[in-house]
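**Student:** Following the hints, put chains B, C and D in place on chain A, whose structure we already have.
Number of protein chains: 4
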Amino acid sequence: MSSRIEVGVLGATGMVGQNFARLLADHPWFKLTWVGASDRSAGKKFGDATSWRLDGVMPESVAGLTVCECKPGNAPKLVFSSMDANVATEIEQQFAEAGHIVVSNSKNFRMYDDVPLLVPEVNGDHLALIAAQQKNRGWKGAIVTNPNCVAVPLAMALAPFKKYGISKFITTSMQAVSGAGYPGVASMDILGNVIPFIGGEEPKVEEEPLKILGDLESGKVKFLNAKVSAHCNRVPVVDGHTLTVSVELAEKPTREQLLEDIQSFRGLPQERKLPSAPPVPLVYMHEDNRPQPRRDIPRDGGMTVFMGRLRPCSIFDWKFVTLGHNTIRGAAGAAVLNAELMHSEGLL
Amino acid sequence: MSSRIEVGVLGATGMVGQNFARLLADHPWFKLTWVGASDRSAGKKFGDATSWRLDGVMPESVAGLTVCECKPGNAPKLVFSSMDANVATEIEQQFAEAGHIVVSNSKNFRMYDDVPLLVPEVNGDHLALIAAQQKNRGWKGAIVTNPNCVAVPLAMALAPFKKYGISKFITTSMQAVSGAGYPGVASMDILGNVIPFIGGEEPKVEEEPLKILGDLESGKVKFLNAKVSAHCNRVPVVDGHTLTVSVELAEKPTREQLLEDIQSFRGLPQERKLPSAPPVPLVYMHEDNRPQPRRDIPRDGGMTVFMGRLRPCSIFDWKFVTLGHNTIRGAAGAAVLNAELMHSEGLL
Amino acid sequence: MSSRIEVGVLGATGMVGQNFARLLADHPWFKLTWVGASDRSAGKKFGDATSWRLDGVMPESVAGLTVCECKPGNAPKLVFSSMDANVATEIEQQFAEAGHIVVSNSKNFRMYDDVPLLVPEVNGDHLALIAAQQKNRGWKGAIVTNPNCVAVPLAMALAPFKKYGISKFITTSMQAVSGAGYPGVASMDILGNVIPFIGGEEPKVEEEPLKILGDLESGKVKFLNAKVSAHCNRVPVVDGHTLTVSVELAEKPTREQLLEDIQSFRGLPQERKLPSAPPVPLVYMHEDNRPQPRRDIPRDGGMTVFMGRLRPCSIFDWKFVTLGHNTIRGAAGAAVLNAELMHSEGLL
Amino acid sequence: MSSRIEVGVLGATGMVGQNFARLLADHPWFKLTWVGASDRSAGKKFGDATSWRLDGVMPESVAGLTVCECKPGNAPKLVFSSMDANVATEIEQQFAEAGHIVVSNSKNFRMYDDVPLLVPEVNGDHLALIAAQQKNRGWKGAIVTNPNCVAVPLAMALAPFKKYGISKFITTSMQAVSGAGYPGVASMDILGNVIPFIGGEEPKVEEEPLKILGDLESGKVKFLNAKVSAHCNRVPVVDGHTLTVSVELAEKPTREQLLEDIQSFRGLPQERKLPSAPPVPLVYMHEDNRPQPRRDIPRDGGMTVFMGRLRPCSIFDWKFVTLGHNTIRGAAGAAVLNAELMHSEGLL
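Protein chains in written order, with my numbering: chain A, 1231 to 1578; chain B, 1231 to 1578; chain C, 1231 to 1578; chain D, 1231 to 1578.
These are calculated hints, taken from the structure and not from any lab test.
It is possible that part of the hints are untrue.
Copies of the same chain are indistinguishable here, so a pair counts whether it falls within one copy or spans any two.
DSBU-like mimics (lysine-lysine), calculated; alpha carbons at most 30 Å apart, straight line [said to hold, decoys possible]: (1) K1261 with K1275; (2) K1275 with K1392; (3) K1457 with K1398; (4) K1457 with K1392; (5) K1434 with K1457.
All of these numbers come straight from a predicted model, not from anything done at the bench.
Isolated chain A (complex conformation) (with noise of 0.2 Å):
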């Protein structure tokens, strides 16, 4: 553990931060050693400054950290980022120009043609948009994304349907309440209720899988061509986004080549036993009430997707549900993932 890779997080008192700071707590390749956050908290420890609001309590190897301001300079090589939208794409390139390497959990960068938008076992080799991005900005360091919190799983679920030719689809979302940050949602909003919207998030749930899955020829990526609608929901749930997906395919597979290639399912960090990674990145359970959020969201560590009820749709081919822990597959533990992939590839 000696040899640790130091790195930092940028917005480390908020709810994302915390999580950083949980999962990198105990990390074998990474060492956390840097926490910014707004000039406000500058100066104090981690511990005074922040009021953990995860499970359990803060770890003690970071509350003795000393918060300094969001800029680059003493900061480690590989930050990462989970800034508030509003300030995240100022200070995130200040770090890339200044040769950091920004692993970013903001939405900000997500859509450039030059940055990567990342789910590591289903589009790794989109990381070869690094070197444009270089290029066309005279960086020395780099960004790179990872999806929001409902297009991770949705982009999971259907990378295993891709071959067939994903022509649409159409998702519900039902959505825990961690995705909102902290305070987040009122308790008088969303207790024995459902709130049937969530604010910018649909136009995000119907772009980013199309990115995600799509494919890169000559150094950029070619969207999926296909057509998407969400409903996006708040549901009285602590972690865990549960949806359900409706999609039409050019091929018709039958249920059984879909139920192998779903259980399949491998990627890079499977292959390359990335700390993070899941054994069995999309687990397919056969109950017909599953999967579950609160049942199932714990499995390794939070970076399992799920799904179950694979059946025939009347109108599109196919319909399921599945499920993916929005804090960690769909934030924290996502941009993790995407650094493992980044190291094992010699990027960092």
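**Tutor:** For chains B, C and D alone, coordinates are given in the frame of chain A:
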């Protein structure tokens, strides 16, 4: 009130039966004088035979009724039925043969050619099937049914779209626990969770709206010729089923036209000012995060269906949210409104 | 209704203010014609300045009122106050000096010697403090307060025990989230959880009942001479605070005597049939698992206090459960009932 | 692991039985090789006979065991019991007579003079009762029990106070739904609600701690001579019982002394490093709003008991909050720790 019509309830001690008891306790036209239940309860006072599961307390006027066996004879001509599906076929048939009007919430007879499956605002004219029913079956009485608790708001929300030619619709439901009766869903299964499956529900949701939205032609219902796909889920909500819906139309109205159609939608219950009719059957809410089950479902005694978020769908034409009270508008209240419609037609 | 008394609300846009708006929208004696809020809202229509957080929708009669600054002058003589504690002292004082009757839900003046802290069924006679208040302070108007939302059901439930000499009582509260205002408790904090602490609550719960249950002697309130200990907790309930209580008495009545005392308990509001008075202020439920907040709290518009499970306590004399609606009987409804009592006394 | 002790579970298909299966699946000392259940299940594979109700999935090593009838004979010497109370007396007795060590979670034998009711950190020495038990009853085997799920954290939290002379304690519990087994509490009853009653619970909570905290004198347990009063409630929490406690002491330690006693509290399980022993059995949390069930209960596999908010009580001496995992530390985990203690004593 002295000349109110005497009515009975079959299966009175169950959850839907209790809802009947509550709705009929102060009804201006009907007077609950007879309650039927299993042999186990027969002979006891309703108040002793029944564990009251609804909010509030049992209406006193009902507590003193003596529970009878579910046999025709001394029962009033008009009986509401909330029998379990495994006994409803035989018992409802016995009552209809014996001359009773059975207004049933059970699923058993819903899809028969000669049985009306009513949402009074939408297809009150389907009551004309009764003539064929009595002729075919040699019954003096009749059976009239209301739809499944998801099918009601779905059919009602789609009714204003009908004139534009509905060709496809897909829905995901987020259903309240009260729909499963008592004890129904175990708290261990649903607290902080989503269950992506409800046994037997999806076929009903895919089938029933096509009959409800069908046209009466030459004494028969010609089903709506549309493709339907449903994803049904249980969420930790007490009352109120929330649905996301995407719909494809043959014609292409503007959003303004549709909103006008939705907001001006009225039916026979409103025209005739039936006692249980909500003044506006389909309430469109303009706030972007409404309707919500906990906040909206109590309006007008649970008989209003709500809609919101009407917006273009990138796959079909339009998408929206709809919400209805599952145990009132989707069960006991639906049957009471059916009976009121029949009374206003002179059929009782 | 044409001769209704015009009233105003200070702090009208907050949660308690919205409850005032709802309760006053159709009040037979009072007409809400004036709403005051922060400078930020002043000049806007109430409907535009206010995000409605209660179930259902904003009453139309209120939506059109123009929000004023919280300054005396054009406000009606009678104003209800739901000001934040950090500004209530100054503003309520200004209004009282200027001749207004301030019926306040704020905590600031509750414990002053010359300010009535009322539960009208229990200590309506404490209104006599107003004379001293006006004399001491040189006010033409007056301030009258209602207790904390836990203190109300606690004092009311203990009132029938008072004649037996209450020497000690200990209580544990399980409090609803609506008591914390909006946004109040974060959903991340309370979903599937208990928070065993509510800032500043226990001192109020231990102190206020002693004043409410005190006797007016020579124009002053002689506090009840009892020891009190409170444990306050937040639970995932929307409305309704549930309390367990153990109480020690000087005399030793039988359970039958106590039940008779509880069930026959009535006060001035019942005697004078005040508009907001519940017919039975203290409803004892004999089922062994009642009262329950979700099932019982809506009765009689939220003004009923419930009791149940009266049984011997092996340490003190008796133990029981009590329940009250925190935002109605424990806040806005309490203040409205106070004003009704004052009107019936000719004090407005 | 090859020399692990073979163990069985009586009542293996129920909720507590499933917890046993999970805890024993990877136990370093014990190997689950035998599962007993009702005749209805006997002969089937455990995986087929059991609807898995816990989070996650059934351990594979257990799924393949064949369910046996609950009769001694082929069962291993050590059996854990989670039999229903209505059959536990007879079956556990049969096993003890036949020479089995029955480590039981059932309530039936807890209060017998010659049966240990253990919390290993508190009264491990009560195992000495076994000698009398075997002599009195002529058994070759023995029955050892663990307390009720509320009594465990209550006794453990009070243990550090014992040396100061506990004379009275009063507690209000806020209990999780998992304590009621499956299906247990209906979701209709508990969503957004509190149920102020749990059948048969209060007598156990008032009685068992006095035995646990009692002293072994001349081979008998002399119960703690204290008065106890309990108020038991169900709240919408999945796992973890939260208790408020007020306690009166003969001596008057300072808060610092008590905190020191609590934080330094250790027992035989810690001393001997038993596999299921938490490193710190009683964790005091200094944050004013902790412990909380959802956030704290998973620590150390559910075996830690938490305390917080130690402060003076204006009626007794001290009041505080305590929290324990009801299905682990309060049921299956408690029994496993009992068996580990017995093994460390050479009693297996």
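**Student:** Each hint should be assessed against the structure and marked as holding or not.
**Tutor:** Structure-based check of each hint:
Proximity of K1261 and K1275 under a CA criterion of 30 Å is satisfied intra-copy only: 17 Å inside one chain copy versus 47 Å between copies. In the homo-oligomer, the alpha carbons of K1275 and K1392 never lie at most 30 Å apart, since the shortest distance is 48 Å inside one protomer and 39 Å across protomers. Taking CA atoms no more than 30 Å apart as the test, K1457 paired with K1398 passes in both settings, with 5 Å inside one copy and 16 Å between copies. Proximity of K1457 and K1392 under a CA criterion of 30 Å is satisfied in both settings, with 14 Å inside one chain copy and 25 Å between copies.
Both within a single protomer and between protomers do K1434 and K1457 lie at most 30 Å apart by alpha-carbon distance, with minima of 14 Å and 28 Å respectively.
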